[in-house]
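A.B. asks: The primary structure of each chain is shown beneath.
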Amino acid sequence: MKLRDIAEALGCRLVGDGEVEIAGVAGMEHAGPGHLTFLANPKYAAKVATTCASAVVLSFNANSFNRNAIVVENPHLAFAKLLTLFTTRPRVPRGIMKGAFVGEDVVIGKDVSIFPGTVVGDGVRIGDRVTLHPNVTLYEGVVLGDDVTLHAGVSVREGCRIGNRVILHNGTVIGSDGFGYAPEGQSWFKIPQIGTVIIEDDVEIGANAAVDRAAMETTHIGRGTKIDNLVQVAHNCVIGEDCVIVGQAGIAGSARLGRHVTIGGQVGIVNHVSIGDEAMISVQSCVIGNVAAGEVLSGSPAIPHHARLKSAAVFPHLPEMRKSLARLETRMSIVEEELRG
Amino acid sequence: MKLRDIAEALGCRLVGDGEVEIAGVAGMEHAGPGHLTFLANPKYAAKVATTCASAVVLSFNANSFNRNAIVVENPHLAFAKLLTLFTTRPRVPRGIMKGAFVGEDVVIGKDVSIFPGTVVGDGVRIGDRVTLHPNVTLYEGVVLGDDVTLHAGVSVREGCRIGNRVILHNGTVIGSDGFGYAPEGQSWFKIPQIGTVIIEDDVEIGANAAVDRAAMETTHIGRGTKIDNLVQVAHNCVIGEDCVIVGQAGIAGSARLGRHVTIGGQVGIVNHVSIGDEAMISVQSCVIGNVAAGEVLSGSPAIPHHARLKSAAVFPHLPEMRKSLARLETRMSIVEEELRG
Amino acid sequence: MKLRDIAEALGCRLVGDGEVEIAGVAGMEHAGPGHLTFLANPKYAAKVATTCASAVVLSFNANSFNRNAIVVENPHLAFAKLLTLFTTRPRVPRGIMKGAFVGEDVVIGKDVSIFPGTVVGDGVRIGDRVTLHPNVTLYEGVVLGDDVTLHAGVSVREGCRIGNRVILHNGTVIGSDGFGYAPEGQSWFKIPQIGTVIIEDDVEIGANAAVDRAAMETTHIGRGTKIDNLVQVAHNCVIGEDCVIVGQAGIAGSARLGRHVTIGGQVGIVNHVSIGDEAMISVQSCVIGNVAAGEVLSGSPAIPHHARLKSAAVFPHLPEMRKSLARLETRMSIVEEELRG
Chain A
1 MKLRDIAEAL
11 GCRLVGDGEV
21 EIAGVAGMEH
31 AGPGHLTFLA
41 NPKYAAKVAT
51 TCASAVVLSF
61 NANSFNRNAI
71 VVENPHLAFA
81 KLLTLFTTRP
91 RVPRGIMKGA
101 FVGEDVVIGK
111 DVSIFPGTVV
121 GDGVRIGDRV
131 TLHPNVTLYE
141 GVVLGDDVTL
151 HAGVSVREGC
161 RIGNRVILHN
171 GTVIGSDGFG
181 YAPEGQSWFK
191 IPQIGTVIIE
201 DDVEIGANAA
211 VDRAAMETTH
221 IGRGTKIDNL
231 VQVAHNCVIG
241 EDCVIVGQAG
251 IAGSARLGRH
261 VTIGGQVGIV
271 NHVSIGDEAM
281 ISVQSCVIGN
291 VAAGEVLSGS
301 PAIPHHARLK
311 SAAVFPHLPE
321 MRKSLARLET
331 RMSIVEEELR
341 G
Chain B
1 MKLRDIAEAL
11 GCRLVGDGEV
21 EIAGVAGMEH
31 AGPGHLTFLA
41 NPKYAAKVAT
51 TCASAVVLSF
61 NANSFNRNAI
71 VVENPHLAFA
81 KLLTLFTTRP
91 RVPRGIMKGA
101 FVGEDVVIGK
111 DVSIFPGTVV
121 GDGVRIGDRV
131 TLHPNVTLYE
141 GVVLGDDVTL
151 HAGVSVREGC
161 RIGNRVILHN
171 GTVIGSDGFG
181 YAPEGQSWFK
191 IPQIGTVIIE
201 DDVEIGANAA
211 VDRAAMETTH
221 IGRGTKIDNL
231 VQVAHNCVIG
241 EDCVIVGQAG
251 IAGSARLGRH
261 VTIGGQVGIV
271 NHVSIGDEAM
281 ISVQSCVIGN
291 VAAGEVLSGS
301 PAIPHHARLK
311 SAAVFPHLPE
321 MRKSLARLET
331 RMSIVEEELR
341 G
Chain C
1 MKLRDIAEAL
11 GCRLVGDGEV
21 EIAGVAGMEH
31 AGPGHLTFLA
41 NPKYAAKVAT
51 TCASAVVLSF
61 NANSFNRNAI
71 VVENPHLAFA
81 KLLTLFTTRP
91 RVPRGIMKGA
101 FVGEDVVIGK
111 DVSIFPGTVV
121 GDGVRIGDRV
131 TLHPNVTLYE
141 GVVLGDDVTL
151 HAGVSVREGC
161 RIGNRVILHN
171 GTVIGSDGFG
181 YAPEGQSWFK
191 IPQIGTVIIE
201 DDVEIGANAA
211 VDRAAMETTH
221 IGRGTKIDNL
231 VQVAHNCVIG
241 EDCVIVGQAG
251 IAGSARLGRH
261 VTIGGQVGIV
271 NHVSIGDEAM
281 ISVQSCVIGN
291 VAAGEVLSGS
301 PAIPHHARLK
311 SAAVFPHLPE
321 MRKSLARLET
331 RMSIVEEELR
341 G
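Quick note, the sequences are listed as chains A, B and C, same order.
Going letter by letter, the first sequence gives residues 1 to 341 in my numbering.
Going letter by letter, the second sequence gives residues 1 to 341 in my numbering.
Going letter by letter, the third sequence gives residues 1 to 341 in my numbering.
Think of the hints as simulated: they come from the structure by calculation, not from any bench.
Mixed in with the good hints, there may be bad ones.
One copy or any two copies: either way a pair holds, since identical chains are not told apart in the list.
What the hints assert, rightly or not - The calculated lysine-lysine pairs, modelled on DSS-like cross-linking and capped at a C-alpha distance of 27 Å, are: (1) LYS190 - LYS110; (2) LYS190 - LYS47; (3) LYS323 - LYS310; (4) LYS190 - LYS43; (5) LYS98 - LYS110; (6) LYS190 - LYS2; (7) LYS98 - LYS43; (8) LYS98 - LYS47; (9) LYS2 - LYS310; (10) LYS47 - LYS2; (11) LYS323 - LYS2; (12) LYS323 - LYS98.
Since the model is a prediction, treat every value here as computed from it, not as a measurement.
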């Protein structure tokens, strides 16, 4: 592909020689001749001058050092799109392969791939261009939209619904029973979890995550939300659109997240908490109360991020503060005595 | 079912019209005519007056607002039992289905369902009315009791024993090797993990959890204990009866939990620690020493919960405390000088 | 086996009767006649006198109480080797079993075992004496070395490479997509994850862990590193040799660990951080900056372990410190007034 054609495809400005042939894309330090690379972080601007790449994607205000360049508003996004353009292989549907098991009353769209070891339960509905990698299990009555990809080992439990273009990575479980018991003396009586899970369009969930079905209604993951590996979403949670939930975070039962909320890695959100749009919770924090829209919290328990940074900076000084306090008490007593004695 | 019959089945007092027909159960806000709902949290008592449900399960001391009601000591438990009554479908055993693989010298009870993709190793013993969903793996010599349900993707490793009525959700692993190595210079020599896991009756474990086999003896999960998703139980742990271990908690090697212990989400328990009966550990805490029966701890490292709440409330004030301390030092020096100078 | 032969096999000194027959090994408290046991922890030295075992492995400086003994420099290591000697059953290769699915252009070494339900993708290369337990999935182009063991439910994604003698426990995922998105307005545009994962020789990874493929280059796990259950290793991480990463720890993107680093359970390492050789990070800590070789850190955020212990000991005293500070302010004002007023 010529650089000129790429610039046109992205609708971006070209600087330098548009005739240069681009065969692939690569990171700044690994790129060679024929590669297109990109400058996302201005910190590395000087590398543009010396990269071996044939051309660079960079932002309007970056120095192109007389290199061939595509100038864009958002180089990170442009690069992601280029990478998609260059690396997406055409999908060859493989049909229902030998060794896959399909139950009764199943409706399957066109151009699907269902690999060996995958088991499709009775009454399941599967859209067009769906890929079910090996050893996936769809329980009774599951509904999958179009262009869904479920990786090996994924389980989707009874009646859960998955939207279009959803990707679930390996081992992830959708619709396991919520963790609900009523105390009966010293024992725990299981509360049937008869609700479901709805996962909207364009959601992606990493490996070995778990999204529990609701006790009675619906656990809901909003359109475009991205969830990392080993995340737990408990029963009855309602997660808004375009949220980002980083690895090993845990969202307890009936928590509600607004739109475009960011949850850091290993964060815990306790049950019944409500988190407003655009809020951000820092890594390893624990949210124990409602969070207003736009708030940035950190710590366990979580407090405003700036306050937490300041207090954390004081924390290592606690022993000296305690000693100093004790010395002040003594000095004060002496002063008081001298003054009044 | 008539409301009167339900009241009789539960052995509870009826208020209002016993002839009303109940077709199902639902949460207070989603219930409609023909539904029975329940009031678990007194906070929502006013909703009893306005719910569309045909009847309400509530506790002795709650106002029934002249609605049809079943009056019980523990409405949460009564509702769980009703839900079970109304929602449990009769189990239809499906036998050993095509696509399931059963090894040699396997003993299988009556009325089982073994789904496609499930592999039963040599010498396994399976009780009556067991359901093995698709893609389950039982290694050699595993023993399952009666009425066990293993969901898709579960692995039970060599020789582990699972009691009656145990439920393991999708992807959970029982009996993986404990994490044990002896240092050999800079490297790590694997210590064979030749112990086993015993899971007693009525245990339920969530999705993608892991219970390691003991190094030499037994990792033990006591009767009636409930374990949530993504929990780690390390080798040689002994967990008592009726414990509750919430999502993403981790119990390190050789820890011992008494009876009816509650472990919050994302809690860490370090190795060789002993936790007494009825103790409660709050979300995201880290327990680094023994815990007496009945103690309630929180924080990392964990301290008594009340003390922790009070200290956490002071934490955001640390910067101002440090400044105030510095000012006091200065004021003190000035006072001392004035007094003595 | 005679005790004398065992001592010779280990190249160690024998004390007492070399003719005694050893039939097996067991822990100090569970050992009986015919057993060899070991004293690893000097705390339990007195038990050597009373154990029912026929012989004890102990260190040079321990009292043998006139028991038959093998005296070694490192009893823990010696015992691990003995346990391996006594408990390793000869591996019987089972070939490609009925119910396993093997794709096209696959190269398979000698003496392998490939169990039912396992799916080997096109172009995969498998070394000698490899065991693939049931329901394993190898995607296209995966390469496995010799003597590799993949337990049931493991997934290895497109093109990832696994060295010799690697053990992956059940449900672990190698090569799932890294968590990378470019913001596009309010939405997230998926950045193709076109890199790979390389796992070097002698690595062992526990159950339900996840190692993401790199965005463009390689996520790398160094030789001899041991990783526990439910650990997350994000894209582009480079982990050195002989590291130990305990359960539920999470290593964020592009983090670098040196050689022989110890990461405690539930630790979080934020992205792009570099951790020097031999550093140790204590349980549940959060590392937010680079760590020098040999440092021992703890806390969230992590600070030197000793400083953290001291500050954590002061933490419960914060409320009384705050009160005392307030009282001092008052006393100071009174003194100042008395002095100057």
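A.B. asks: Are the hints correct? Go through all of them and say.
C.D. replies: Against the structure, the hints:
1. In this assembly of identical chains, LYS190 and LYS110 lie within 27 Å of each other by CA distance solely across copies; the values are 25 Å between and 41 Å within a copy.
2. Proximity of LYS190 to LYS47 under the C-alpha cut-off of 27 Å is restricted to the inter-copy arrangement: shortest distance 25 Å between copies versus 60 Å within a copy.
3. Within a single copy, LYS323 and LYS310 get their C-alpha atoms as close as 21 Å, and across copies as close as 12 Å, so both meet the 27 Å cut-off.
4. Taking the shortest Cα distances, LYS190 and LYS43 sit within 27 Å of each other only across copies (23 Å), while inside one copy they are farther apart (55 Å).
5. With identical chains, the CA atoms of LYS98 and LYS110 are at most 27 Å apart both within one copy (17 Å) and between copies (26 Å).
6. When the C-alpha separation of LYS190 and LYS2 is checked against a cutoff of 27 Å, the pair qualifies only between copies, where the shortest distance is 24 Å, while the shortest distance within a copy is 63 Å.
7. Neither within a single protomer nor between protomers do LYS98 and LYS43 lie at most 27 Å apart by alpha-carbon distance, with minima of 52 Å and 56 Å respectively.
8. Taking identical chains as interchangeable, the C-alpha atoms of LYS98 and LYS47 are never at most 27 Å apart, the minima being 51 Å within one chain and 55 Å between chains.
9. In this assembly of identical chains, LYS2 and LYS310 lie within 27 Å of each other by CA distance neither inside one copy nor across copies; the values are 52 Å within and 63 Å between.
10. In this homomeric assembly, LYS47 and LYS2 come within 27 Å of each other (Cα to Cα) only inside a single copy, at 23 Å, whereas the closest approach across copies is 67 Å.
11. Taking the closest pair of Cα atoms, LYS323 and LYS2 never come within 27 Å of each other, the shortest separation being 70 Å inside a single copy and 63 Å across copies.
12. For the identical chains of this complex, LYS323 and LYS98 are neighbours neither inside a copy (74 Å) nor across copies (73 Å), given an alpha-carbon limit of 27 Å.
Hint compliance for this structure: hints 7, 8, 9, 11, 12 are not met, and every other hint is.
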